[in-house]
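Spelled out from the first residue to the last, the chains are:
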Amino acid sequence: MSVQSAPLSLAQLYGEAVGQLQAAMQQDDSQRFHAVLEQLRERRSSDVRVELRSLATTLHDAMLRFRQDFNVADMAEHEVPDARARLNYVLQLTDAAAHRTMDMIEQCGPLAERIATVAQSLQQTLQSTDDDPDSVPSVLQVQVEDFIATAALDCGAIRNNLSQVMLAQSYQDLTGQIIRGVVSLVTEVETVLEKLLEMTGATGRTGTWRRPDLPVPGQSYGPAIPGLTGADSRNQTNIDDLMADLGL
Amino acid sequence: MGSAVRFLVVDDFSTMRRIIKNFLNDLGYNHVQEADDGMTALPILKSGTIDFLITDWNMPGMQGLDLLKAVRADAKISKMPVLLLTAEAKREQIIEAAQAGVNGYVIKPFTAQTLKDKLDKILAGKGAGQQASQAAG
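Protein chains in written order, with the working numbering: chain A, 28 to 275; chain B, 3 to 139.
By construction, these hints were calculated from the structure, which means they are not laboratory data. For glycine and all other residues, C-beta sits at the position ideal for the given N, C-alpha and C. Warning: the hint list may mix true and false statements.
Not everything, but these chain A residues come out facing chain B in the computed CB check (under 10 Å) [claimed, not checked]: (1) 109; (2) 111; (3) 114; (4) 131; (5) 133; (6) 249; (7) 262.
Here chain A is said to cover these stretches of chain B; the calculated rule only asks that three of the stretch's residues, wherever they fall, bring their Cβ under 8 Å from a Cβ of chain A [stated by the list, open to error]: (8) 44–56; (9) 59–69; (10) 94–100; (11) 103–109.
Bound conformation, chain B alone (with noise of 0.2 Å):
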């Protein structure tokens, strides 16, 4: 998918926000929208213009597992790949997260490296899925 990925960043603080897109720009990916939570960001999802999404868990209105649960929900968007950047770290929540499908789970605060490293696996998994589709197809 390369640099014209794009991404989106849901998160209820602005600095967490810009603190994302500017690691996602210094890594060549120039294509950044935000939202401050999961019912602002669910209507820019569903527009088509968003090809991966990484959202906060807790925010006021909708939460980032719900915006995820809607994603897997919306066939449109469903195949989405989705990563939970959040303070939330109980075993609990995170065995939730996995069973509504999310693809990487990094927990607040974070090193460059590690979100670098899931956004790695994400995408490169994403690329070869879909190689497979394509050759499938």
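Bound conformation, chain A alone (with noise of 0.2 Å):
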């Protein structure tokens, strides 16, 4: 890096070359002044390649610390694309728990909906026996041992199926480390924007970007996020509201 030193003046750099000229052009001596005009061309150019050598220099230091410090084709070839396997990852690990719940949830309706229906059955023979309590025991006595072996089998299966849904929560701790390994990726592209802003001359933070309001109409922004949409998060009663306003 070349040291820093006050800039020339015109005078400085131009005046005797400017004096020559002047001199020349007294005299009507075209040769001389061409001369001059060519010297003056020559140097002008020269200026400029050094400087633009200058420029080249500083940008290659700069590019060549800024790899040193930040591992941006890493980032580019490996990193990023493996961020987005592990969220589609986290995409299928949430897609199957939902289901499996659900899964579990439909296999259990039909369960209780036998206890109900054979318990219900139970409560009209024990009715329907109102008139001859003595025949209550005999009745019943099939109806009722029947049901306790429906039943055991039937909670039983709820259990297990109780135990899977329990179980299929477990997705969380996965795709909560991949979710926080990702939050991680980001945070380290962050600070490699704002090293290129600085290296750019842009004013970085102080400049602050958003998203613009619906720049094309019918854009969808997804769910509102607490504490990043406040103002804009509505809830069903303000919807309604909004709605009613809008005579629907």
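Hey, can you piece these two chains together into the complex? The hints should help.
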């Protein structure tokens, strides 16, 4: 890197040459005049070349330092695609867990229904024997035995399904770890972008960028995130009020 | 219209389609078809086998709002009740959906009661509308 020195004035830079030009003009010495002009042109190109070389060196040094500080290539080639794959895996895991949970719940429905139906049938039998209490034990014996057997089986199946539902929630542990890893990568990318902004002389954080409000009609924003979309987050009551105002 | 109402549930997430379908079944609506975005939904709607559309907003391919507009633009199905069931909750979006002719707007996550209330309200309105048009005819 060259040592910074005070810039030369125009008189220091071009005073002598301009004097020579003036003298040649006064003497009407065309050859001399054009020779000085040519020297000036060459000097100017040479200055530009020196400046360009200096800029290129500065840029090269900065890029080298940047590359040493942040492994951008690795980030672009491996970490970002990995993060994408990891997030897709999160989608798969949550989808599978939701379906597994719903499978178990759907299976529980008919089991509970069957217990309720048999219980109702027992109740009807009891009611039908109200006039002849002595007949109750013999009439009910078979039904009660059936009910006990069925209820034990069904309750066992329901209990098993509830355990499966509980187990299906274990996806949260895995997805939590994966998402935490991706959050850490996003933080790293943010640091790299900030460094790039600094290198290019941009003001970085002071120029706060925000997503514009509906630049394209019909654009979707996804779920409102508490703390991020606060003022814009609307609950069903707000929406009902707004719809009512709109005559719906 | 009663339990004979034929629903089309459009959402890109199969879990959400399944939740809505189960919920409709619990309410006694057993005719429920599914589609995963507007592009696949539109031909089903145009086939004339659907009475009621429940759609998400944010989907790949054709979004819910565009599907709503396409329904309103097609004379054969333009009167179909449409319920938007979505996480999109910006005021501008709700107004845009209302202007496009949505019949109801339910925000995710939703409760079973909210969805039932909105369905009942829309179906009651449609029933009244049908009776009025039959009386006029």
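Cross-check of the supplied hints:
1. 109: With a closest approach of 23 Å, the residue 109 of chain A hint is violated.
2. 111: violated (16 Å)
3. 114: Cβ of residue 114 of chain A sits 15 Å from chain B, so the hint is violated.
4. 131: violated (13 Å)
5. 133: Since chain B brings a Cβ to about 7 Å from residue 133 of chain A, closer than 10 Å, the hint holds.
6. 249: holds (6 Å)
7. 262: holds (7 Å)
8. 44–56: violated (count 0)
9. 59–69: With 5 residues close enough to chain A, the hint holds.
10. 94–100: With 6 residues in contact (Cβ-Cβ under 8 Å with chain A), the coverage given for the stretch 94–100 of chain B holds.
11. 103–109: holds (count 6)
Violation of the numbered hints given earlier is confined to hints 1, 2, 3, 4 and 8; the remaining hints are satisfied by the structure.
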